[in-house]
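Undergrad: Each protein sequence line maps, in turn, to chains A and B.
First residue of the first sequence: 1, per the working numbering; consecutive thereafter.
First residue of the second sequence: 1, per the working numbering; consecutive thereafter.
To be clear, the hints were calculated from the coordinates, so they are not data collected in a lab.
Any given hint might turn out to be false.
To be verified - Derived list of chain A stretches under chain B, where covered just means 3 residues or more per stretch with a C-beta under 8 Å from a C-beta of chain B: (1) 4–13; (2) 71–79; (3) 104–113; (4) 145–156; (5) 219–226.
No residue lacks a Cβ here, since even glycine has one placed at the ideal position from N, Cα and C.
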Amino acid sequence: MKSVVIASGKGGTGKTTLTALFAHLAAKSCCTVLVDADVEGSNLPIALGVEEASCEDFKGGAKATVDTESCKACGACQTVCRFGAILRDEAGVYVFDQLSCEGCGACARVCKAGAIKMETGAAGSMCAGTSSAGRMSFGSLLPGEDLSGKLVTEVRRLGLKEADDCDADLLLIDGPPGVGCPAIAALADTDLLVAIAEPTVSGVHDLARLAELAYRFDLGVAVILNKADLSAEGADWIREFCAERGLPLIAEIPYAPDIAALPTMRFGWRDYEPGTASPGMAAVVSAWRAVGGLIGVDSRA
Amino acid sequence: MRSRAAADRCELADGYAPFILAVASGKGGTGKTLVATNLAVLWADAGLSVLLADCDVEAPNSHLFLPARTDKLTSVESKVARPDSQACNACGTCSDLCAFGAVRILGGTPVVFEEICHGCGVCVSSCPTGAMGECSLRVGEVSTGVAKRSQRLRLVTGRLDIGQVKAPSLIGATREEAERWDADILVLDAPPGVACSAVAAVRHADALLLVTEPTAFGLHDLELSLMLGSDMGLPIGVVVNRDGSGPTDIAEFATAQRVDVVGRIPFDRRIAEVYARGGLIVDELPEATSWLRTISSWIEDVAEGSAPSAADGLRERAGR
Chain A
1 MKSVVIASGK GGTGKTTLTA LFAHLAAKSC CTVLVDADVE GSNLPIALGV
51 EEASCEDFKG GAKATVDTES CKACGACQTV CRFGAILRDE AGVYVFDQLS
101 CEGCGACARV CKAGAIKMET GAAGSMCAGT SSAGRMSFGS LLPGEDLSGK
151 LVTEVRRLGL KEADDCDADL LLIDGPPGVG CPAIAALADT DLLVAIAEPT
201 VSGVHDLARL AELAYRFDLG VAVILNKADL SAEGADWIRE FCAERGLPLI
251 AEIPYAPDIA ALPTMRFGWR DYEPGTASPG MAAVVSAWRA VGGLIGVDSR
301 A
Chain B
1 MRSRAAADRC ELADGYAPFI LAVASGKGGT GKTLVATNLA VLWADAGLSV
51 LLADCDVEAP NSHLFLPART DKLTSVESKV ARPDSQACNA CGTCSDLCAF
101 GAVRILGGTP VVFEEICHGC GVCVSSCPTG AMGECSLRVG EVSTGVAKRS
151 QRLRLVTGRL DIGQVKAPSL IGATREEAER WDADILVLDA PPGVACSAVA
201 AVRHADALLL VTEPTAFGLH DLELSLMLGS DMGLPIGVVV NRDGSGPTDI
251 AEFATAQRVD VVGRIPFDRR IAEVYARGGL IVDELPEATS WLRTISSWIE
301 DVAEGSAPSA ADGLRERAGR
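Isolated chain B, as found in the complex (with noise of 0.2 Å):
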């Protein structure tokens, strides 16, 4: 067991792992970052240490709603294949190779297409005249700091450049550098969509908080992104979020698909409103506290399963 005072603020890690929560969802916009946010600082303040990583590196919100003071910045690279024409002898064993076409040679002159280039080096181990090397070109960045609001809260943030697109090997940084720091729980505030950004973002987390809302378009996303959960086998709650505001009835949905409704957000104009503008629900209105108890049990109830001292500490922190 780790000692309390470790605990009120977040250390490098010494082979402590927290419990890792993903909050992800198909659809885009249907509230990731609002229950992220909210469920850090409900848990940062009832005494648990908290890191919450954004790793929607495309759009990344999270430090809107709890600014924190940057302490450290890194410069996030990818490698990718870049050739010396003047040793290459236009033998094209490269171009046969790669899988994805990033290589060829034209005009007797080899040209790599960094925007698909994977970086896995095929070219680079294959060329018989040692033409072809390796440099890193960056992708983006990843900053880290203590939140303004609490000292046990600290924030992760991955931010894609403008223009690139190695979203993935951006989010594969940001949680490494989350999984650096010491911590009661991880909180990873996902990409919408279920391609390989979605993926990085949520594998080998210890419980998938999936948040939609009543619509057509939300229960079809919903679909897909158990889908993906499933097939990762982890455990899955879903909250339905501006509950009310449509017909779309979620929960039979999710009957039928043998997972648990594990919390609900009501659809009230004032939530939108403190959004809008920055703020915390679980500040400004009084009874989400409620709605964020609820979905926080679900997840002590998983980590009582899978990290039982974790789920010790977010039921004694929590004052229950």
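Just chain A, same shape as in the assembly (with noise of 0.2 Å):
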């Protein structure tokens, strides 16, 4: 089984969109798992729409609280924090942020009234269930939680397991905005990362971040130019940028209304056939080919 991540350092670019649409065209000729990474914006469940899922929670890490009637007031707590997540407000109570605290439990460790428990919650969940296009997992991580490379991990690996239950041919990958620690969990052991770059400045400062990220894990990259025509300058320093560092430019496509608008559809694309009608979409399937033939997967579509 092959792995492709959809991915790209600058937000927006059209990351779900295109994911959805490989996994249409996908869906035709071999049996694909799809993952949605991006667990602090899940669109891919939105997009492609999601029958039957079965969730489990998500564990968080662990999260300081004080029992103010047993607290001594001592301090020794704050001082150990080095999170900033312990203030004494002005009549003298010890406070816990429960934002900025990590769970290390170092202020556990130093109360002496015993007055600080470590407790541990949900803090997100992770689901598999049938979407329009095949199996897909995916998690959401409660706002305001930390571990957000962690969900991202387990839901890869609740997509490994259903690839591997269904004999996939292809786990494809809707991967996070980015290049810190949610990208780099989303991109672990995969064959190919198919970054979608947009033609601003923004852009290719942006794909030249993910690129470095992908030469540093040794990854294969080909780059997709998503709104090609928006700016013709911005295309040239994109198609520049990859001509530079030998990167495949394997398709560009133009800004088209027909792909536009598939996100503003709430509920109406899961049925949707990309045709070949319009230019726009007539490109989003050589791009599907070209990564077909990158990988060894059938895409024919």
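Two chains, two frames, a set of hints: combine them into the complex.
TA: Given below as structure tokens:
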């Protein structure tokens, strides 16, 4: 089985839209399992629709809580906390800030009164279900929680299990934006990174950072220039960057009204059949063929 | 009150706190940087002193629209545990106590997984043989400088080293640097998402602008951001970017959630073209000033409540 991550340093370049279209195309010729690895903004389930999802809690890290009745206000916890999570209010009461607490337990260890407890709760959920283009795993982090990267790893593992169960040919992963912890978690052990770039100053800057990350992890990269006709100058920057770095620019997709309209359809596009009616969709089909060619998966669609 | 002369340049802060505006969104690519950079310029042109801190350290883009002359560059490090295997007796206390699974005894030798080490110091203080020490690991850098475009506008940019994972600690360092400088207003350009990075970028702000787009994706991610913002108890205003590009009704949703849509930027190919080449809509599109003023007037109203002097400044200097 092969795995492909659709990613971009910059957000909003079209990762989810293209993943959903590729998933529709892939469903025609190979057995694909989909993974939405953007757990802070999980949109692939909206695009493809998911039925009969079974979910489980994602356990977060522990958080410190204080029992103000037994607290002797000695301040030892505040001294030892390195995350600024323990504050003393005007009345001299120690207040624990859950958003800053990283759950290390240093405070609980030094509290002589035994007033501090480390409590673990759900920090999100991870799910698997059936979408209009095959089985899909996805997750959702509760706002304000940390461990985004760990949840990405769990969601990916769930996708791999689904893929094993159905003997899939392809694991198609919709990645998170950025180059940090969640992005690195999404890219682990991947056969190909498909970078979606837009022809803007930000687009070329963030593509360069993503390409550098892929180089560090020794990952193969292919670039798709999306919204290619938005700026002739910007498109040239992307083309030049790819040529300089020896990265294959496998497709240029024009800014096409029919593609751009897809994310605005809340429930409509799960039944959407990508055709080749528009120049934009023809470019998507040829991009998908190129991806299949690079990893050796049937992508005749 | 501070002197007007001080407003002409950003000077090191002496106890004066600027009004802090965070510009964020759950979804990426909705226009955070567009809104943050153009508002910063609108205010600087109106005579305010403005700080713009780019907290999207994984993909910092504000400097592309507002080039600055860097006058200070700081390397940012974070602490990680570093064991001395000679002094270690492999008792396993560190491994038992580490909440993150970052220390293990493998084959009688202590091993630290630096990517997941939080640098909390629990293993250091609990090691019976004193074998666990600490070292600093570079995670990125923070640069700052005055924008070439305006003396009254200072940029602070956090940039995560490629391959590093500790974005939240670098965001903290970026904000610390920004808060060392004096200004009327500090604009925080936040990263997308709702996890620890977004929290680090928008915490303790005076107001939160959430930029969204009228799509199913935009709406879904706005809902998550609203949860985060209301947890923090911040005044929230929603800006609808690419307004008119889709049928999704953000206003209806916002009303149901009891937040206000405080500005709209239309769906207009010219905006995308100006942005693409690194331009500012406030410079190139005559209508942009009125879109931005609408957003600014909401911020003035919020500042009126929490920081009246900043509100006066905003109003006076904006010429109203």
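Undergrad: Each hint: holds or not?
TA: Going down the list of hints, with the structure as the test:
no. : hint    : verdict
1   : 4–13    : holds (count 5)
2   : 71–79   : violated (count 0)
3   : 104–113 : holds (count 4)
4   : 145–156 : holds (count 5)
5   : 219–226 : violated (count 0)
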